[in-house]
Amino acid sequence: MSETTALVTGAARRIGREIAFSLAEEGVNVVIHYRTSSEEAAELHDKLREVGVGAPLLQADLKDATDLNGLIPEATKKAGKIDYLVNNAAVFPRGSLEELEFAELVDNIRINSWAPFYLARSFVKSHEGGKVVNILDTRVAGYDWDHAGYYFSKVLLARMTKMMALKFAPEFAVNGVAPGLITPPEGLDEEYLRNRTDRVPLKKRGREEDVARAVSYLLKTNFVTGQILYIDGGRNLLHELEG
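Take the sequence shown: its letters are residues 182 to 424, numbered as in my numbering.
Check the hints yourself; a few may be wrong.
Unchecked claim - As a list, the in silico DSS-like pairs of lysine-lysine whose alpha-carbon atoms are at most 27 Å apart:
id : residue 1 : residue 2
1  : K258      : K401
2  : K348      : K262
3  : K228      : K401
Claimed, not checked - Cβ pair distances, simulated, as ranges:
id : residue 1 : residue 2 : range
4  : R230      : L418      : 27 to 33 Å
5  : Q408      : L383      : 16 to 22 Å
6  : D248      : Y398      : 38 to 44 Å
7  : V405      : Y373      : 30 to 36 Å
8  : G233      : N376      : 40 to 46 Å
9  : A284      : G261      : 38 to 44 Å
10 : G208      : H420      : 34 to 40 Å
11 : G208      : A284      : 41 to 47 Å
12 : M344      : G261      : 27 to 33 Å
In case anyone wonders, no lab produced these hints; they're calculated from the structure.
As the structure is a computational prediction, the values presented were derived from the model and not from experiment.
Yeah, the Cβ is synthetic: ideal placement off N, Cα and C, and Gly gets one too.
Assemble the whole structure, with the sequences as input and the hints as a guide.
In structure tokens:
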């Protein structure tokens with residue numbers, strides 16, 4: 182059994198699932214965090230066990246203070262120790278700047294900004310060293326007029342990532358991965374991505390495994406911290422021009 186363990190939040194589905202599976206294929210034990218996707222989490226658990234790594238399940242609602250407070254201690258109890266923390270779980274509600282309500286903004290920040298920061302801080306306080314990767318969004322380089330609350334929360338997390346990298350060094354490295362067109366948002370199909378690939382300099386969409394490989398690199402390298410790695414086909418280069 183591997184001696185290295187990663188906690189991946191929101192690991193049961195989509196990009197989180199690919200990150201978890203990719204790490205498992207590299208021999209890393211994975212604590213599978215999920216909120217409501219219990220069936221998908223159980224299926225992933227079985228697949229990771231087939232690969233030959235540990236894959237304990239951990240249910241928690243990151244919006245709930247009690248669940249959030251207990252997540253790192255419980256993950257450590259299940260796994261023995263945590264070496265890597267991948268903050269992937271997020272909400273992505275639609276809402277314009279003109280319609281943004283305070284409660285909606287708070288909900289976005291609570292899950293997309295505060296929870297990753299709190300988990301990273303708890304990880305640092307309870308372990309002697311490790312790596313943290315926060316999953317961001319290419320939009321942090323520009324604007325997102327249709328998901329204002331989400332956008333603000335990810336920009337905040339991007340700044341937190343750099344501040345944590347400075348504060349938690351040298352024992353901990355903290356970096357971010359900012360995906361672009363990878364998977365369509367919940368409720369939308371592949372046509373959503375096809376209609377947007379012309380806006381990407383490389384004229385194509387990315388794959389979940391592209392994000393997983395970026396996460397793996399940041400977890401394995403020992404001389405990188407405070408960086409945001411854009412996995413977006415160059416889309417971030419256009420944000421300042423297009424907004």
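(message) Between the alpha carbons of K228 and K401, is the straight-line distance 27 Å or under?
(response) holds (23 Å)
(request) Starting from the hint 34 to 40 Å, judge whether the C-beta atoms of G208 and H420 obey it. (result) holds (37 Å)
(request) May I ask you to test the hint 40 to 46 Å on the CB atoms belonging to G233 and N376? (result) holds (41 Å)
(message) I want to verify a distance hint. Is the separation of the beta carbons of D248 and Y398 within 38 to 44 Å?
(response) violated (30 Å)
(message) Between the beta carbons of G208 and A284, is the distance compatible with 41 to 47 Å?
(response) This hint holds: roughly 43 Å between Cβ atoms.
(request) Assess, step by step, whether the Cα of K348 is no farther than 27 Å from the Cα of K262, and give holds or violated. (result) holds (22 Å)
(message) Tell me if the beta carbons of Q408 and L383 are separated by a distance inside 16 to 22 Å.
(response) Since Q408 and L383 have Cβ atoms about 21 Å apart, the given range 16 to 22 Å holds.
(request) Can you let me know if the beta-carbon spacing of R230 and L418 is within 27 to 33 Å? (result) Since the Cβ atoms of R230 and L418 sit about 42 Å apart, the hinted range of 27 to 33 Å is violated.
(message) So if I understand the rule, the pair passes when the alpha-carbon distance is 27 Å or less; does K258 with K401 pass?
(response) Answer holds: K258 to K401 is near 24 Å, not above 27 Å.
(request) Using the beta carbons of V405 and Y373, state whether their distance is inside 30 to 36 Å or not. (result) holds (32 Å)
(request) Check the following: the C-beta atoms of M344 and G261 are separated by a distance inside 27 to 33 Å. (result) With a Cβ separation near 29 Å, M344 and G261 satisfy 27 to 33 Å, so the hint holds.
(message) Tell me if the beta carbons of A284 and G261 are separated by a distance inside 38 to 44 Å.
(response) holds (39 Å)
Of the numbered hints stated above, those contradicted by the structure are hints 4, 6, listed in ascending order.
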